[in-house]
Amino acid sequence: MMRAWPHWMRSGRVITGLIIIAAILVCAVFAPWLAPHDPNEQNLLAALAPPAWLEGGDPAFPLGTDSLGRCVLSRLLYGARVAMTVAVLASLGAMVIGAVLSYLAGYFGGYADALIGRAVDVWMSFPPVILSLILMVGLGTGLRNVVLAIVLVDWTRFCRVLRGEVLVVARKDYVAAARLLGFSHWRTITREIVPGSLPLLITLISLEMGIAVIVEAILSFVGLSVSAQTPAWGQMIADARQSIHDAPWNLLFPILMIFIAVFGFNMLGDGLRRTLDVRLTATERA
Amino acid sequence: MTVEVLVARDLTVTAALAGRPLPVIGELNFKLARGRLLGLVGESGAGKSMIGRAIAQLLPHGFAVTRGELMFDGEDLVRMPPADRRELLGREIAFIPQEPLSALNPVLTIGRQIDEHLRRLGVTGTRARQERALAMLDAVHLAQGRDLLRKYPHQLSGGMCQRVLIAMAFASRPKLIVADEPTTALDVTIQARIVKLIAEMQQRDGTSVILITHDLRLAAQICDDILVLYAGRMAEYGPARRVLAGPAHPYTRCLQLSNPPMSGARRGLYVLPERMPGLSALASMTGCPFAPRCPSVVADCARAPPVFAEIEPGRGAACPRHDTTARIVAPALAPANAAGCAALLLDVKGLSKTFRAHHGFFRGTSVDAVKNVDMTLHENEFIGIVGESGSGKSTVARMLVGLERPSAGRVVIAGRDVSDGGAAAGAHQRAHAQMVFQDPQSALNPRRRVAAIVTQALEATGAATSQERLARAGELLCEIGLPGEVAMRLPAQLSGGQRQRVNIARALAAAPRILIADEIVSGLDVSVQAQLLDLLLRLRRQRGLSLLFISHDLSVVRYLCDRVLVMYRGEVVESGPTAEVFAAPKHAYTRRLLAAVPPDDPSVAWTPDEVEAGRARSLSHG
Chain A
1 MMRAWPHWMR SGRVITGLII IAAILVCAVF APWLAPHDPN EQNLLAALAP
51 PAWLEGGDPA FPLGTDSLGR CVLSRLLYGA RVAMTVAVLA SLGAMVIGAV
101 LSYLAGYFGG YADALIGRAV DVWMSFPPVI LSLILMVGLG TGLRNVVLAI
151 VLVDWTRFCR VLRGEVLVVA RKDYVAAARL LGFSHWRTIT REIVPGSLPL
201 LITLISLEMG IAVIVEAILS FVGLSVSAQT PAWGQMIADA RQSIHDAPWN
251 LLFPILMIFI AVFGFNMLGD GLRRTLDVRL TATERA
Chain B
1001 MTVEVLVARD LTVTAALAGR PLPVIGELNF KLARGRLLGL VGESGAGKSM
1051 IGRAIAQLLP HGFAVTRGEL MFDGEDLVRM PPADRRELLG REIAFIPQEP
1101 LSALNPVLTI GRQIDEHLRR LGVTGTRARQ ERALAMLDAV HLAQGRDLLR
1151 KYPHQLSGGM CQRVLIAMAF ASRPKLIVAD EPTTALDVTI QARIVKLIAE
1201 MQQRDGTSVI LITHDLRLAA QICDDILVLY AGRMAEYGPA RRVLAGPAHP
1251 YTRCLQLSNP PMSGARRGLY VLPERMPGLS ALASMTGCPF APRCPSVVAD
1301 CARAPPVFAE IEPGRGAACP RHDTTARIVA PALAPANAAG CAALLLDVKG
1351 LSKTFRAHHG FFRGTSVDAV KNVDMTLHEN EFIGIVGESG SGKSTVARML
1401 VGLERPSAGR VVIAGRDVSD GGAAAGAHQR AHAQMVFQDP QSALNPRRRV
1451 AAIVTQALEA TGAATSQERL ARAGELLCEI GLPGEVAMRL PAQLSGGQRQ
1501 RVNIARALAA APRILIADEI VSGLDVSVQA QLLDLLLRLR RQRGLSLLFI
1551 SHDLSVVRYL CDRVLVMYRG EVVESGPTAE VFAAPKHAYT RRLLAAVPPD
1601 DPSVAWTPDE VEAGRARSLS HG
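Same order as they appear, the protein sequences are chains A and B.
Counting from 1, one number per residue, gives the positions in the first sequence under the numbering used here.
Counting from 1001, one number per residue, gives the positions in the second sequence under the numbering used here.
Heads up, a few of these hints could be off.
[As the list claims (entries may be wrong)] Each pair of labels, with its calculated beta carbon distance range:
(1) A:V194 x B:R1327: 54 to 64 Å
(2) A:T190 x B:L1058: 36 to 46 Å
(3) A:V168 x B:R1020: 23 to 33 Å
(4) B:A1056 x A:P127: 30 to 40 Å
(5) B:L1403 x A:T190: 16 to 26 Å
(6) B:A1056 x A:V96: 29 to 39 Å
[What the hints assert, rightly or not] Counterexamples of contact, computed for chain B against chain A with all Cβ distances above 12 Å:
(7) S1049
(8) G1068
(9) M1071
(10) R1085
(11) K1349
If you're looking for bench data, these hints aren't it; they were derived computationally from the structure.
Each residue gets a CB set at the ideal place from its N, CA and C atoms; glycine is no exception.
When you get a sec, could you build the whole thing from the sequences and use the hints?
Here it is as C-alpha cells:
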C-alpha cells in the first residue's frame, strides 16, 4: 500500500504544470531579490533598449527596456506577483461561493436548486469580461477589487459544473444510508458528498487560476486593474503598443509570460482531471 | 456434412497479466450438434462469458486463445482471417445480450434498427424489409408490430426489448446463437417467457444455442446438454437432465444444494465456503481447483489436477471420486424460533404513496405507487414481500424507514406512530428500523474504508473516538463473518458478497430490531446467496432480529420467511404463511409468479405458459 508518490504525481501533465507554476511562484515571491532594477526606475537614456543578446543590447537590462527606460525583466518579475495573487485568491474565492451554492442546490434539490440554478443562468448570460469591466468601474481599481470582480463573475463556473456532480452523488444509496443512521445534513454533506466531488473541485480550481490570469491581464490592459505604480503584465502589453514597431519584444515578453502561466495551469488541471477522475480508464489517463 | 455446429477441442484461453501467462480457460472440450441447446453454468468468474467472447474473438485486452481450436461448421474460428469471421458474425452466429436496453440504440426507432440489420443481411427493398420486420416481431409474439416499429427503445419494457433482440438474432436464420444471461436483467414472470421463446425459436429454425446462465433449474428445463464450469475448467459435462438428476461432480451437487427448493420439504442450504480461486491463486494450485471448498475432499485431491474422464457414455466429470458425490447432502434446517406470542414491532395500516410528476407549472400526472397496504411484523419474525419491478415493494420499504413520506396511512413502530415525519419520530424510526440497500455499488461510499462505513452509526453522534470505532468495527465484522483485515479496505477491494455483508453490518451497527432488506441477494451467485441467507438466519437466532425481506426470488422467500405478502401494481393481492401461500395460491398473480419458477425436479414439465393463457391477450406483450 505504501507508494512513494500518489498516482496523480506520476502524470507527465501534472508534473509539467507544477514545475511551470512553481517557477512563476518563485519569481513572484523572490522578485525583489531576482530583479536587477526597481521596476519603476526610469532610465530615459536607455529607453527602448533591445534584449541583451541583440545588437545594441545592454547587459544591465537582460530583456531590454520599455519606452520609459524601465527594465522589462524586473517588471515581468514584479508583474508575476499581481498575476499569482489574483490567480490564487480569485479562484479560491470563486470556488468557495460556487461550491457552497452547488452543494446546497444539488443536495437539497427542489426550491433551493431552482433558485440557485436560475441565478446561475441569469449570471452566465452576461458576457464575463464585460461584467468584470462594469464591476471594476463600480468598485474602483486595486488588487482587492480585481480579485472581488473575478470572484463575482466566475463563481458560476464552479456552481454549474459541480451541481451536476453533486446531484449524482446525492442520489446514491450511501447518502440515504447516512441519513438513516442519523447523520445531520451538515455531516452528510461534509462526510459523504464533499469527498466525492473533491477531485472535480481541485481540477476546476487549477483551470480557474489560468482564467483568472487572463482576466486580470485584460483588466490591467484597459487600465482597470491595479494602479499604474504596480507593474502588471496586461499593463506592460498596453504600454508596449505605442512602440510596437520599434520594440516588438516589449510586447512579446509579457504575452509569453501570460501564455506560459495559463499553459501551466491548464496542464495541471487537465492532468489532475485525467488522474483523479475515477470514471476514466487507465489508457485514457495516459 | 458435419452435424456438429460447434466443436471445441482443448480450447485454452490465457491472460497475460502482471507479466506471466495465467490460464483463464483450460482445455475445454465440447460438441454442439445442430438444433441442440447447450447450457453453460457456473459461478461468476468461472469463465462462462469468456467462451462467448472466444467465439466472437472479442477477448479482453491481454487475453488470447493459446491452444486448441474452436470449429464452427468445419472451420476454426480462432485461426480464420478476421474478415471471414466478421462475415460469419451476425449472419451465421448471432448473440443475444444480457442487458437488452443498452444493446439497442436509444435514439433510433425499433423499425430503423431492424431495417438496418436486415439491410446488412442483404434484404433489398424497403417494403420487403418492412414485411420481414413485421413477420419477425410476430414470431416473437409481439402484437401490434406496426406501432412498435415506430417506437423508441425507452418506450418499451425490458422484456419487449429483449424480444426485439431475439427477433433480430434469429432474423438471419443463424446456425449458432450465443445467449449470455439473457434474462438476468428481467422480472421473473418475463424471464420464463423469454427463455421459452428462445427455446421455441430454436426449435422452429433448428438453430444451435449456447445459453449462459447461473440458474441450474432453468438449465435443467430447457437445455439438452450442460457444461458446468469451475475456475475455467470443465467440472461436468453431459445431458442436462441426467447431470442435474444425479450430479457426478461435487461442485454441481453443491450448487444444486445451495439453491433453496421450490417444492417438497424445506431443507437447509449447503453453504459453499470461501470463493472460487482467482487467476493468480489458480496458477499456484497443484491439485483440483475445487479441493479447498469440496465436501468430499481427500488428501490426493491436492496432489494433481483431476483428469476429465467419461463416467458413462456421453457424460463426463473431472472428479475421480464421483461415485461419492451422491453422499453429499444438505444440512438440516436450523430450528425456527418459537414465535408464539411475540411482541408486535411494526403495524402498518392503509399505507399509500402517490407520486406526482410535474410537467411545467400546471400540468402534472400522479402515479399511485402504493395503495392501501396493511401489514404487521412481530419480534423475531421474517416476512417477505414479493412482486415484479414497479409493484411498489421498494417504495413500501423506503416509507417504513422514513426515506419517503407516506401520502396516507399509519406506520406504528414499536408502539409509536411515526407517520407524522417529525424529528423525534424520525429518531425513533431510525433506532428501531434500519435498511439494507439493494446495490452495494451505490450503497457504499467508494472513498471510505470498511471500518468507517460500518461504524457510521457511531459517527452520527460524533461522540466516539477513532479507537472506539475501530474496536466496534472489529466486533461487527466478526459478527457478520468477515476477517478483521478487511476493516482498512475500500469497497472496490471487496467481492460482491463481502460488500453486501458490509452493507448489512452498517445497518446492524445501529442495533435495530427490524431490518428491511431490499433485494439484497439478487445478482449474487447462489453460493454467496446461501452464505448471506445463512448469516441472516444466524442474526435472527443471536439478536432476535425481525426482517422484512423484499425479493423477486420466490425460492429464497420460501426458505427464509415465515409469512409472505404478494404485491402487484401497488397493492397487496395475497398474504399469509409462506407455506400456505406457496402450496395453495389464491390470487391469479401469485399463481403466475409461482409458475414462472422452473421446478426443482428436471423431469417435471415446466409450464409457465398454461397459467399465462388465463390472462387477457392484450396484456401479453411482456
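Against the structure, the hints:
Our hint of 54 to 64 Å for V194 (chain A) and R1327 (chain B) holds, since their Cβ atoms are close to 57 Å apart. Here the CB-CB span from T190 (chain A) to L1058 (chain B) is close to 44 Å, well matched to the stated 36 to 46 Å. Look at V168 (chain A) against R1020 (chain B): about 39 Å separates their beta carbons, and that is not inside 23 to 33 Å. Separated by about 53 Å at the C-beta atoms, A1056 (chain B) and P127 (chain A) break the suggested range of 30 to 40 Å.
Under the hint 16 to 26 Å, the C-beta atoms of L1403 (chain B) and T190 (chain A), about 21 Å apart, fit the expected range. Checked against the hint of 29 to 39 Å, the pair A1056 (chain B) and V96 (chain A) fails, with Cβ atoms roughly 52 Å apart. Distance check on S1049 (chain B): its Cβ is at least 19 Å (rounded) from any Cβ of chain A, clearing the 12 Å threshold; non-interface status holds. Its beta-carbon lying about 30 Å from the closest one in chain A, G1068 (chain B) satisfies the requirement of being farther than 12 Å from that chain.
No Cβ of chain A comes within 12 Å of the Cβ of M1071 (chain B); the nearest lies about 34 Å off, and the non-interface call holds. The beta carbon of R1085 (chain B) is kept farther than 12 Å from every beta carbon of chain A, the shortest such distance being approximately 25 Å. Non-interface call for K1349 (chain B) relative to chain A: holds, since the shortest CB-CB distance, roughly 23 Å, exceeds 12 Å.
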